[in-house]
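Whole structure, please, built from the sequences with the hints as guidance.
Those sequence lines, one after another, are chains X and F.
Using this note's numbering, read the first sequence as starting at 1 and increasing by one per residue.
Using this note's numbering, read the second sequence as starting at 1 and increasing by one per residue.
Since the hints were derived computationally from the structure, they do not count as laboratory data.
Built from N, CA and C at the ideal position, the CB exists for glycine as well.
Worth double-checking, as some hints may not be accurate.
EDC-like, lysine to aspartate or glutamate: derived pairs with alpha carbons at most 16 Å apart [stated by the list, open to error]:
#1 K42(F) - D85(F)
#2 K57(X) - E44(X)
#3 K49(F) - E64(F)
#4 K49(F) - E66(F)
#5 K99(F) - E103(X)
#6 K15(X) - E85(X)
#7 K57(X) - E68(X)
#8 K11(X) - E85(X)
#9 K99(F) - E85(X)
#10 K49(F) - E103(X)
#11 K17(X) - E85(X)
#12 K99(F) - D56(X)
Some chain F residues flagged as far from chain X (calculated, every beta-carbon gap over 10 Å) [as the list claims (entries may be wrong)]:
#13 T17
#14 V19
#15 N24
#16 T55
#17 E64
#18 E71
#19 S73
#20 S80
#21 S84
#22 D85
#23 V110
Okay, the calculated beta carbon distance ranges per label pair [stated by the list, open to error]:
#24 P40(F) - S5(X): 38 to 44 Å
#25 A104(F) - T70(X): 29 to 35 Å
#26 P61(X) - S3(F): 16 to 22 Å
#27 P79(F) - V115(X): 43 to 49 Å
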Amino acid sequence: GAGVSQSPSNKVTEKGKDVELRCDPISGHTALYWYRQRLGQGLEFLIYFQGNSAPDKSGLPSDRFSAERTGESVSTLTIQRTQQEDSAVYLCASSLAGGMNTEAFFGQGTRLTVV
Amino acid sequence: AQSVTQLDSHVSVSEGTPVLLRCNYSSSYSPSLFWYVQHPNKGLQLLLKYTSAATLVKGINGFEAEFKKSETSFHLTKPSAHMSDAAEYFCVVSPNDYKLSFGAGTTVTVRA
Chain X
1 GAGVSQSPSN
11 KVTEKGKDVE
21 LRCDPISGHT
31 ALYWYRQRLG
41 QGLEFLIYFQ
51 GNSAPDKSGL
61 PSDRFSAERT
71 GESVSTLTIQ
81 RTQQEDSAVY
91 LCASSLAGGM
101 NTEAFFGQGT
111 RLTVV
Chain F
1 AQSVTQLDSH
11 VSVSEGTPVL
21 LRCNYSSSYS
31 PSLFWYVQHP
41 NKGLQLLLKY
51 TSAATLVKGI
61 NGFEAEFKKS
71 ETSFHLTKPS
81 AHMSDAAEYF
91 CVVSPNDYKL
101 SFGAGTTVTV
111 RA
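Laid out in structure tokens, this is it:
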């Protein structure tokens, strides 16, 4: 497709289980971002990938969170031992290149509910 | 460091009347500034962006925003609200690197 694709669109998981969220960026986009949006709040930066550079993981809230990206393609965000406070919409975005002049295109998000 | 403050969490307007969404930023650099819109059950969409060219920026759907460095503001306006403008609006700042810092958002409701 032409846009950023995320799967699944909805995920309900039991507390303590691991989950994996997937993001397919727009083809050719070297920059990829993960954000988290808790109910009624703004977006919280999690992690940024740019080409083959080391990712900026400064936004990951704990060591239960990790993300990978293979080259300039798919990225997966993994949350281990999920907690109820992890419930949120997880948004992925990609852009042609990192930096101030490039528009980030967002996916529809994955709504994660931890019960 | 940079941050964004959206001064109103909720704005309610009548259809056909002007809309004003206020945003103030702080940044150590000369930032890029954006407004994004999020309609219910839809993804975020870029409305407009300021990148140190003209201070008055025109976006999609009749929206525009003015960058005022002296006031560190980037308020979003539209002369005449439409029902389809009901959504969540985010003011976003990006310094001279890649991170986007989002404001908390302003929910716009439009009364018929």
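(message) Going through the numbered hints above, which ones does this structure break? Give me the numbers in ascending order.
(response) Violated: hints 9 and 24.
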